[in-house]
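Chain order of the listed sequences is A and B.
Here the first sequence is numbered in my numbering, starting from 1 and rising by one per residue.
Here the second sequence is numbered in my numbering, starting from 1 and rising by one per residue.
Warning: the hint list may mix true and false statements.
Copies of the same chain look alike in the list, so a pair counts if it works inside one copy or between any two.
[What the hints assert, rightly or not] Result set (DMTMM-like, lysine to aspartate or glutamate): computed pairs, CA atoms no more than 20 Å apart in a straight line:
1) 354 x 240
2) 171 x 378
3) 446 x 20
4) 116 x 191
5) 354 x 243
6) 326 x 429
7) 446 x 5
8) 326 x 281
9) 413 x 53
10) 178 x 191
11) 384 x 208
12) 265 x 317
13) 193 x 378
14) 384 x 240
15) 38 x 292
16) 29 x 317
Derived by calculation from the structure, the hints in this document are not laboratory data.
2 protein chains.
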Amino acid sequence: MAGLEAVLARVDADLDHALERLFAVLRIKSISTDPAYKADVQANADWHVADLESIGFTAKAHATPGHPVVLGHHREGSGPSALFYGHYDVQPVDPLELWTQDPFEPVIEAGEGGAKVIRGRGSADDKGQLMTFVEACRAWKAVTGSLPIPLSILLEGEEETGGVNLPPFLKAHADELKADIGLICDTNMWDAKTPAIQTMLRGMVTEEITIHAADRDLHSGFYGSAAANPNRILARILADLYDDAGRVTLAGFYDGVPELPESLKKSWAGLDFDARAFLGEIGLSVPAGERDRSVLEMVWSRPTAEINGMGGGYQGEGFKTVIPAKASAKVSFRLVFDQDPNKVRDAFRAFVRKRVPTDCRVEFIGYGAASAIRFPNEAPAFAKAQKALSDEWGREAKFIGGGGSIPVAADIKSILGMDVMLAGFGLNDDRIHSPNEKYSLASFHKGIRSWVRILDELSR
Amino acid sequence: MAGLEAVLARVDADLDHALERLFAVLRIKSISTDPAYKADVQANADWHVADLESIGFTAKAHATPGHPVVLGHHREGSGPSALFYGHYDVQPVDPLELWTQDPFEPVIEAGEGGAKVIRGRGSADDKGQLMTFVEACRAWKAVTGSLPIPLSILLEGEEETGGVNLPPFLKAHADELKADIGLICDTNMWDAKTPAIQTMLRGMVTEEITIHAADRDLHSGFYGSAAANPNRILARILADLYDDAGRVTLAGFYDGVPELPESLKKSWAGLDFDARAFLGEIGLSVPAGERDRSVLEMVWSRPTAEINGMGGGYQGEGFKTVIPAKASAKVSFRLVFDQDPNKVRDAFRAFVRKRVPTDCRVEFIGYGAASAIRFPNEAPAFAKAQKALSDEWGREAKFIGGGGSIPVAADIKSILGMDVMLAGFGLNDDRIHSPNEKYSLASFHKGIRSWVRILDELSR
Numbered sequence: 001m002a003g004l005e006a007v008l009a010r011v012d013a014d015l016d017h018a019l020e021r022l023f024a025v026l027r028i029k030s031i032s033t034d035p036a037y038k039a040d041v042q043a044n045a046d047w048h049v050a051d052l053e054s055i056g057f058t059a060k061a062h063a064t065p066g067h068p069v070v071l072g073h074h075r076e077g078s079g080p081s082a083l084f085y086g087h088y089d090v091q092p093v094d095p096l097e098l099w100t101q102d103p104f105e106p107v108i109e110a111g112e113g114g115a116k117v118i119r120g121r122g123s124a125d126d127k128g129q130l131m132t133f134v135e136a137c138r139a140w141k142a143v144t145g146s147l148p149i150p151l152s153i154l155l156e157g158e159e160e161t162g163g164v165n166l167p168p169f170l171k172a173h174a175d176e177l178k179a180d181i182g183l184i185c186d187t188n189m190w191d192a193k194t195p196a197i198q199t200m201l202r203g204m205v206t207e208e209i210t211i212h213a214a215d216r217d218l219h220s221g222f223y224g225s226a227a228a229n230p231n232r233i234l235a236r237i238l239a240d241l242y243d244d245a246g247r248v249t250l251a252g253f254y255d256g257v258p259e260l261p262e263s264l265k266k267s268w269a270g271l272d273f274d275a276r277a278f279l280g281e282i283g284l285s286v287p288a289g290e291r292d293r294s295v296l297e298m299v300w301s302r303p304t305a306e307i308n309g310m311g312g313g314y315q316g317e318g319f320k321t322v323i324p325a326k327a328s329a330k331v332s333f334r335l336v337f338d339q340d341p342n343k344v345r346d347a348f349r350a351f352v353r354k355r356v357p358t359d360c361r362v363e364f365i366g367y368g369a370a371s372a373i374r375f376p377n378e379a380p381a382f383a384k385a386q387k388a389l390s391d392e393w394g395r396e397a398k399f400i401g402g403g404g405s406i407p408v409a410a411d412i413k414s415i416l417g418m419d420v421m422l423a424g425f426g427l428n429d430d431r432i433h434s435p436n437e438k439y440s441l442a443s444f445h446k447g448i449r450s451w452v453r454i455l456d457e458l459s460r
Numbered sequence: 001m002a003g004l005e006a007v008l009a010r011v012d013a014d015l016d017h018a019l020e021r022l023f024a025v026l027r028i029k030s031i032s033t034d035p036a037y038k039a040d041v042q043a044n045a046d047w048h049v050a051d052l053e054s055i056g057f058t059a060k061a062h063a064t065p066g067h068p069v070v071l072g073h074h075r076e077g078s079g080p081s082a083l084f085y086g087h088y089d090v091q092p093v094d095p096l097e098l099w100t101q102d103p104f105e106p107v108i109e110a111g112e113g114g115a116k117v118i119r120g121r122g123s124a125d126d127k128g129q130l131m132t133f134v135e136a137c138r139a140w141k142a143v144t145g146s147l148p149i150p151l152s153i154l155l156e157g158e159e160e161t162g163g164v165n166l167p168p169f170l171k172a173h174a175d176e177l178k179a180d181i182g183l184i185c186d187t188n189m190w191d192a193k194t195p196a197i198q199t200m201l202r203g204m205v206t207e208e209i210t211i212h213a214a215d216r217d218l219h220s221g222f223y224g225s226a227a228a229n230p231n232r233i234l235a236r237i238l239a240d241l242y243d244d245a246g247r248v249t250l251a252g253f254y255d256g257v258p259e260l261p262e263s264l265k266k267s268w269a270g271l272d273f274d275a276r277a278f279l280g281e282i283g284l285s286v287p288a289g290e291r292d293r294s295v296l297e298m299v300w301s302r303p304t305a306e307i308n309g310m311g312g313g314y315q316g317e318g319f320k321t322v323i324p325a326k327a328s329a330k331v332s333f334r335l336v337f338d339q340d341p342n343k344v345r346d347a348f349r350a351f352v353r354k355r356v357p358t359d360c361r362v363e364f365i366g367y368g369a370a371s372a373i374r375f376p377n378e379a380p381a382f383a384k385a386q387k388a389l390s391d392e393w394g395r396e397a398k399f400i401g402g403g404g405s406i407p408v409a410a411d412i413k414s415i416l417g418m419d420v421m422l423a424g425f426g427l428n429d430d431r432i433h434s435p436n437e438k439y440s441l442a443s444f445h446k447g448i449r450s451w452v453r454i455l456d457e458l459s460r
């Protein structure tokens, strides 16, 4: 126990330096979806390689057909081994004018409740979170000269774009990656005071569709009504995706979606979740999903369809009476339980094709696909982590569901055969993917301390 | 007749200079909808003032709350007077990458059928057309030292943006503007060999709507389904605008829309209109409008609703699982016969409001509104113009309908109490409002000659 206390003290003493390191990585514009930032993503990977090597890892940025995968090993010692996963790429920052600062010039400032926050793109998703783990390793190494258990660290650069190159990488390096447990820091606490381990993850299918009509933009005065308008075709397709009760209308969409097990239903009912406050915090009040479901079910255990982007025709200032040649949309489906991502994709494509007039055509771009997943919270590693988190935060860590999709968790399970423990320190108001993303300073500091404790528990 | 022949000969001899003048004005980037081009629009107005003065007009660019109105007078002589209207502003040029040249560096080249065309933004709409009239005046003046009839020329700089400042200008200058007949050159021929006078014009109402939901962009994994998605709300609104038979569903939309008079029905049935060729030319084959109407009815005499633009969420490369804070669309309605533009606007707004959830809100921007209009083709000026056009082209000029809206024609009728004769030399494949807009060189040359003849006929 003396070792643990000394390492925790080291974390406290070294916090300013840990923040300097975090800020250095937050300044790198690692926007994976935009080819203009390719060199920045590479620079970010190189930064992590050097950083891991400074802690005593052997590390390398592995080239892929997309952005690099950083992989580091520190396998001295005995005990159960772990593979940590994080991602160093970030979402685009538009609309830039809504940021109160340069998204890539992080600052520490008072948050809405007065507590300090780290503001900047990637502060919560996922650079701030992944660095809590790296800093925990650094503190152990500094104090004891080693790590409590054999560790590998895997950092992805394409999580925000579907991560199509990671599964082949996992397959190709399976032997090198295999460990007793996977660890991921990319999820939220239950609330600002209550830590949580997420044991259910929704899956996801993402598709981009483009409707092509006339071979050029047309004047709506000459061709209006007579010529197919791809905006109208697209609006019909997207509207038809939902029925009046808020259910998704794709054929077979709810196959493999059971009612919640009674035990989980009871456990969730015991959570102090306030749907009104959850929506009120973002300026809304009416749950928009399936009419007969609670908000918690909507965001944790029910499948969804969302139109993440759509566009066609003239969108500038003023008016242009054009009928565009094409219109497109990006649609994502969150999947639960045993929904088959490939079947959902096929059903969606058939649904779209059925609604495209015979003289028009549709083009599909398929992005990532991942099944939903559940991990066994009764397994020893989960109980140990729960104890460590509860010790650090002074409240019992909760096992929760969650709406986000972390495809790599499913991939680690299916390709490497490992369970994954998802413990993260994000908060619901972190504005990830939005302007003014932030990460609570307490999340960063106590997050590092939490991993110090989890590594200690896992070694016992 | 000697005078007329001499003037026509002068037109032929001066064609190269007329083209130089046209090119000079085509090079000016007078995109009225984009504030970035405000100075260019002003420069274009100034160009016309100087040009009209060089022909002997007294001319001035009148300031308005928007872009200037150019007004020139040449009122010597006797006979029935005329007010000519044209517009010197142009549509935006995006998508720029589809142009085969700089849209503002006009060229003369072989068109698809081999005949020469003038290519560039505004070549047909409306700089090329309005210059046919100006050049006709220049030729008369050069040969005879005067014009056949007293003339005023009115050139608008906001036609492409709804022209909200023109009606107040017409009211304020009514006495100065009044004449026996209005002349407009902003319409098409029946085909490349057959001139036409358009005696029916659809009206138009244009609206922009923005749906606001959450107070920020959201992560669809955390908020999907629970939080209102403005893309989904907008898609539903836009899809609901049409029923399965292709009719517009707004309450009272078809009030004031009678069946075509038998005489007009017969006259149109006699036109050699090929719906298959009309759609085939733009790469389509299935009429998209009301199921029980002919294509000619759709584009000439039936009201329409078109989604000219829509957008919300992430539209860049790749994927971003965002639920946007807002989404918007630009919708235009073409009106016929006695439809009331204000009632249509009100019905649309009520229709939209009804479909916006109580925790979201909608914002409207109303652009122009104009009633449909018909002019008396049996009146003397129309018969004279028909004769002049038939003489020039060697085929009888047709009286036709038309799908485009020229709100100023309705304004001239209602505010100044004048009939308007619409004679233009555009062709259906001119790609106005689209990349690679062109104007046939024959349209320009014989268009000038046509106006020379019409002015002569009107003086008789």
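Here is what the structure says about each hint:
In this assembly of identical chains, residue 354 and residue 240 lie within 20 Å of each other by CA distance both inside one copy and across copies; the values are 11 Å within and 18 Å between. In this assembly of identical chains, the alpha carbons of residue 171 and residue 378 never lie at most 20 Å apart, being 28 Å within a copy and 82 Å across copies at closest. Taking the shortest alpha-carbon separations for residue 446 and residue 20, only the intra-copy value of 17 Å comes in at or below 20 Å, while the best inter-copy value is 75 Å. Taking the shortest alpha-carbon separations for residue 116 and residue 191, only the intra-copy value of 16 Å comes in at or below 20 Å, while the best inter-copy value is 72 Å.
In the homo-oligomer, the alpha carbons of residue 354 and residue 243 lie at most 20 Å apart both inside one protomer (17 Å) and across protomers (17 Å), since each shortest distance falls under that limit. Within a single copy, residue 326 and residue 429 get their C-alpha atoms only as close as 37 Å, which misses the 20 Å cut-off; across copies the closest is 19 Å, which meets it. Taking the closest pair of Cα atoms, residue 446 and residue 5 come within 20 Å of each other only inside a single copy of the chain (14 Å); across copies the shortest separation is 94 Å, beyond that limit. Taking the closest pair of Cα atoms, residue 326 and residue 281 come within 20 Å of each other only across two copies (17 Å); inside a single copy the shortest separation is 37 Å, beyond that limit.
Taking the closest pair of Cα atoms, residue 413 and residue 53 never come within 20 Å of each other, the shortest separation being 28 Å inside a single copy and 81 Å across copies. Taking identical chains as interchangeable, the C-alpha atoms of residue 178 and residue 191 are never at most 20 Å apart, the minima being 33 Å within one chain and 73 Å between chains. In this assembly of identical chains, residue 384 and residue 208 lie within 20 Å of each other by CA distance neither inside one copy nor across copies; the values are 42 Å within and 57 Å between. In this assembly of identical chains, the alpha carbons of residue 265 and residue 317 never lie at most 20 Å apart, being 50 Å within a copy and 40 Å across copies at closest.
For the identical chains of this complex, residue 193 and residue 378 are neighbours neither inside a copy (23 Å) nor across copies (84 Å), given an alpha-carbon limit of 20 Å. Proximity of residue 384 and residue 240 under a CA criterion of 20 Å is satisfied in neither setting, with 47 Å inside one chain copy and 55 Å between copies. In this homomeric assembly, residue 38 and residue 292 never come within 20 Å of each other (Cα to Cα): the closest approach is 45 Å inside a single copy and 54 Å across copies. For the identical chains of this complex, residue 29 and residue 317 are inter-copy neighbours only, at 16 Å across copies versus 30 Å inside a copy, given an alpha-carbon limit of 20 Å.
In the structure shown, a violation is registered for the earlier hints numbered 2, 9, 10, 11, 12, 13, 14 and 15, in ascending order.
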